[in-house]
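Letter by letter, the chains look like this.
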Amino acid sequence: MTLRIKVPVAITALAAAMAISNIGCTNNPYPAGESKRNVHYLNFGEDPKSLDPTFSFTTVESNVLDVITPSYFRYHYLQQNPVRLVLNLGTKEPTRTRTPDGGEVWTFTVRKDLRFSNDVCFPESKGRAITAADFIYSWKRMADPKIGYPLTGVFEDNVIGWKEYAAAFNLDRKGMADPNYDKPFPGVTADPNDPYTFSIHLKRPYPQLRFIMAMHHTTPQAREAVEHYNDEYARHPVGCGAYKLTSYTPKQRLVLERNENAPSDIYPTEGDPGDREAGLLDDAGKQLPLTDTLVFDMVRESTSSWNLFLQGYLDETTLNANNFQQAMASNGMLSPQMQEMGIRLRRAQQSAVYYVSFNMKDPLWGGYTPEKRKLRQAISLVLDSQEFIDLALQGNGTPAQWMLPAGLFGYDNEFKHPYRTVDVERAKKLIADAGYPGGKDPKTGERLVMNIDCAAITAAARTQYGILKRQIERVGVKVEIRSTPGSIFRDKLIKGSHQSILYGWFADYPDPENFVFLLYGLNSGPGKPNYAYYENPEYDKLFEKVRDMDDSPERLTLLNQMRDMAIEDSAWIPFYHPEVVTMSHAWVANTKVHPIARDVLLYRKIDNNLRAQKQAEWNKPVWWPLFAFAGIALAGIIPGVIVVKRRVNRKLRAGGGAS
Amino acid sequence: MLRFVLRRLLQAIPTLLGVLTLTWFLFFGTASAESIARRNLSSKDPTPAQVQGWIKEHGYDQPPVVQLRKATVDMLMFKFGKSDATKEDIWERIRQGAGPSIMVSSTIFIGTVLGAVLVAVLAAAFRGTYIDKTTTILCVIMMSVVYTVYVIGGQYFLSKQLRYGPIWGFDPASGLFKYILVPSAIGFAAGIATEIRLYRTFLLDEISQDYVRTARAKGVSETRILAQHVLKNALIPIITNTVAVIPGLILGGLLLENFFGIPGLGSYLFEALGSNDFSVVRAMVFLGTLLYIFGLIMTDIAYAIVDPRVRID
Chain A
1 MTLRIKVPVA ITALAAAMAI SNIGCTNNPY PAGESKRNVH YLNFGEDPKS
51 LDPTFSFTTV ESNVLDVITP SYFRYHYLQQ NPVRLVLNLG TKEPTRTRTP
101 DGGEVWTFTV RKDLRFSNDV CFPESKGRAI TAADFIYSWK RMADPKIGYP
151 LTGVFEDNVI GWKEYAAAFN LDRKGMADPN YDKPFPGVTA DPNDPYTFSI
201 HLKRPYPQLR FIMAMHHTTP QAREAVEHYN DEYARHPVGC GAYKLTSYTP
251 KQRLVLERNE NAPSDIYPTE GDPGDREAGL LDDAGKQLPL TDTLVFDMVR
301 ESTSSWNLFL QGYLDETTLN ANNFQQAMAS NGMLSPQMQE MGIRLRRAQQ
351 SAVYYVSFNM KDPLWGGYTP EKRKLRQAIS LVLDSQEFID LALQGNGTPA
401 QWMLPAGLFG YDNEFKHPYR TVDVERAKKL IADAGYPGGK DPKTGERLVM
451 NIDCAAITAA ARTQYGILKR QIERVGVKVE IRSTPGSIFR DKLIKGSHQS
501 ILYGWFADYP DPENFVFLLY GLNSGPGKPN YAYYENPEYD KLFEKVRDMD
551 DSPERLTLLN QMRDMAIEDS AWIPFYHPEV VTMSHAWVAN TKVHPIARDV
601 LLYRKIDNNL RAQKQAEWNK PVWWPLFAFA GIALAGIIPG VIVVKRRVNR
651 KLRAGGGAS
Chain B
1 MLRFVLRRLL QAIPTLLGVL TLTWFLFFGT ASAESIARRN LSSKDPTPAQ
51 VQGWIKEHGY DQPPVVQLRK ATVDMLMFKF GKSDATKEDI WERIRQGAGP
101 SIMVSSTIFI GTVLGAVLVA VLAAAFRGTY IDKTTTILCV IMMSVVYTVY
151 VIGGQYFLSK QLRYGPIWGF DPASGLFKYI LVPSAIGFAA GIATEIRLYR
201 TFLLDEISQD YVRTARAKGV SETRILAQHV LKNALIPIIT NTVAVIPGLI
251 LGGLLLENFF GIPGLGSYLF EALGSNDFSV VRAMVFLGTL LYIFGLIMTD
301 IAYAIVDPRV RID
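Residue numbers (this note's numbering), protein chains in the order written: chain A, 1 to 659; chain B, 1 to 313.
The reader is advised that the hints may include incorrect statements.
Claimed, not checked - Derived Cβ-Cβ restraints for the label pairs, each shown as a range:
id	chain 1	residue 1	chain 2	residue 2	range
1	B	Trp91	A	Ala32	31 to 37 Å
2	B	Ala49	A	Arg204	17 to 23 Å
3	A	Gly486	B	Thr129	52 to 58 Å
4	B	Ser174	A	Asp551	49 to 55 Å
5	B	Val145	A	Asn619	26 to 32 Å
6	B	Ser174	A	Pro625	50 to 56 Å
7	B	Trp91	A	Thr95	49 to 55 Å
8	B	Trp91	A	Gln326	41 to 47 Å
9	A	Glu46	B	Trp91	49 to 55 Å
10	A	Ala278	B	Ser174	36 to 42 Å
11	A	Pro625	B	Thr129	25 to 31 Å
Don't read these hints as lab results, they were simulated from the structure.
The C-beta atom is built at its ideal place from N, Cα and C for all residues, glycine as well.
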């Protein structure tokens with residue numbers, strides 16, 4: 001009888017399967033033994049679109065690129081108050097010379113010990129020495145319209161000959177090579193007597209050039225590499241930084257290894273007050289980088305990345321709405337479970353500002369008459385930043401009094417925006433003064449409507465807009481949230497057909513100019529960031545002065561004048577400065593966050609032994625539920641087997657056919 | 001047979017053309033070339049010149065008829081070109097993504113079919129008893145649970161709490177088993193209930209046939225009737241039902257791949273839609289249509305092979 005044999009066979013098979021799985025079963029996502037090495041595990045929420053240093057512009061991409069392709073300057077890792085630039089590939093502060101026609105020439109001198117990392121694009125795969133010509137090549141690429149340098153608008157009117165040089169490129173060509181690269185670029189020239197010196201020629205002074213020279217766009221690039229890889233250059237950046245890219249599987253994994261050709265670099269020996277106590281100077285003077293390998297895994301789902309972090313397979317993660325409940329206790333500290341695991345929390349204000357702005361071209365909410373101003377001032381008075389931060393952002397932000405975040409020149413800790421202290425009564429009075437008593441139009445008796453335009457929204461964003469709506473409606477007006485797909489929303493902003501928005505601006509570089517230009521009249525229109533369409537000739541005149549000036553008491557006075565002017569018009573209501581909160585495991589050291597710099601991974605240190613120990617401790621498979629499940633299934637089947645046996649026996653007894 | 005296949009292949013051409021044209025209109029009906037360009041440029045506020053340059057470089061400045069004709073011809077020649085967003089070679093990505101997708105989805109497919117046939121036979125053999133009823137109740141419960149819950153819950157219990165496999169990752173070089181164990185188990189659990197119900201119906205349809213009664217009357221044992229007569233005949237609808245799915249296995253599963261970080265094709269189309277990457281959407285839709293048509297032809301052929309009553313000419 002076959003059934004009699006089947007049960008023991010099944011049990012044996014199950015036991016065998018479990019014995020096999022016991023060997024193979026591990027939840028360690030990495031190749032065996034890798035976690036024991038000096039590797040730093042990080043994750044991306046999204047795949048980098050391009051790692052071409054000239055094109056790339058997102059934070060995600062910069063975290064990778066900035067350790068591969070460094071620039072003339074960089075930000076001091078520890079001294080952040082205020083943030084400051086220090087030389088990196090440059091040997092001395094650039095010299096600036098005014099020209100008779102009001103322009104300016106900046107001259108840069110670069111280190112002589114720079115080499116590209118070894119790569120197949122070079123003869124014998126050996127990275128060659130870098131000269132000023134490689135910096136100039138990068139500037140030529142910035143001007144090449146086919147590549148799409150994101151800050152073209154900043155330079156095309158200011159660098160001498162930019163537009164003409166850009167126009168000479170052939171847009172229809174295949175690949176990256178173009179004979180135009182052999183021709184000189186009048187705006188960026190080499191020194192005929194010194195191969196390590198080059199100059200940038202500007203039509204008017206542009207002090208912010210220092211910051212541009214700290215961005216990866218101005219890194220030296222190898223023409224051999226660009227022309228060898230062509231479109232694939234976006235996935236094969238070649239630089240001279242502390243790391244080189246050794247493997248990249250799009251949507252999956254990106255690995256950086258220590259670059260053997262990197263110039264000598266040491267951990268900073270000074271920091272901000274408190275850094276020494278926090279252990280951030282323990283590695284002072286040590287050779288950088290402190291970790292051999294950086295591994296970026298593309299974990300798209302935040303649930304997945306959070307769980308990987310809890311298992312110890314990711315070294316750090318950021319706090320978000322999904323993991324907030326589990327990570328934090330009600331007192332704003334880490335939850336006891338997280339503390340027990342040795343997890344540490346770090347908050348850092350970002351160099352950014354979120355704001356509510358009206359479209360000044362809008363017939364109802366825009367305009368410069370005293371009545372229209374009062375309408376907008378009233379809205380400013382009922383927006384409660386702190387409540388918004390507590391409810392929608394889990395407390396991760398600071399109410400904004402004006403555009404500039406802390407740490408920037410022009411930021412005034414003492415300043416209080418005259419319309420940013422919540423006062424509903426005063427707001428109601430302003431609305432009445434503007435001709436809408438009780439928020440209603442006396443002619444029609446209808447409530448005033450304020451439309452807030454936004455991109456198609458997620459659950460988290462819905463909460464945010466809900467809070468905003470409730471806060472504003474306290475003044476008597478009606479708020480409509482007009483949600484559309486992202487591309488339609490962008491079109492509205494470009495055409496200026498929106499009414500009001502809640503929007504954010506993240507600084508490209510830490511200069512007040514990069515914020516106050518959001519209200520510059522010439523910055524409104526397609527491709528420009530002045531979505532308030534604010535046009536105030538006086539503001540513009542002051543802006544042009546501030547833009548071209550170095551930091552000085554006079555610059556501060558002008559900045560304050562601009563601020564007061566814009567506040568009276570209230571086209572733009574400062575809302576909050578966002579914070580980023582990161583969590584890291586006990587085995588990760590030097591985790592100070594920088595508001596601007598993205599090359600901070602150079603300084604990270606990993607205790608891989610502690611990590612291996614904790615990973616083993618936290619990840620033992622739990623077998624009993626599998627046994628229990630198998631037991632229940634068997635228990636369910638056995639009575640059935642008995643039934644079958646009975647049936648067969650009955651048939652046998654009745655003299656039926658054998659099976 | 002050959003004539004039939006040829007005819008079906010020829011019929012596929014207008015279908016493909018129609019799908020390609022429809023995709024083009026649906027895509028550009030909802031997004032302008034300009035907004036796609038803005039999305040794919042890195043600048044927060046690209047200049048009009050940059051936007052125009054991007055449109056020109058990607059050929060979206062040509063008249064619709066030219067674009068359509070070129071795109072269609074390229075597709076039919078299997079020239080997929082490069083991604084609008086990343087400039088990656090699309091063929092290369094499809095080639096890389098097909099492997100991981102097949103590994104997971106075929107494990108799930110084979111497991112589900114075999115498991116479902118086994119349970120369905122059991123349920124049919126014990127029809128009317130508590131085993132049949134319990135199976136039915138369990139199946140209905142399992143069918144009522146949303147797929148997302150299987151994926152998220154499965155990951156939570158199997159990978160996080162019980163730690164049987166990694167939450168995320170895929171690296172066949174360091175052992176395929178550990179990476180596909182949990183995703184396959186989830187896919188299996190999520191899909192098996194529907195199949196069991198379906199196969200049980202097929203089996204019961206056969207059980208009530210005259211030939212079964214005849215066999216019983218001749219004294220053939222119940223086990224033998226089930227294994228030799230009923231199952232063999234019930235396999236016809238089972239095979240025709242499953243064959244159509246086989247080509248689609250290459251495309252993998254969207255949610256599962258996303259949650260477990262399996263670099264398959266399931267998430268490729270989804271991401272392309274999210275980033276308005278028309279060249280990838282077009283290629284993937286084309287591939288999907290092609291595989292679907294291929295699946296249907298295979299079904300017809302399989303039908304003819306397993307069921308001698310069916311002739312195709």
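request  = Return the numbers of the hints above that this structure violates; sort them in rising order.
outcome  = 6 and 9
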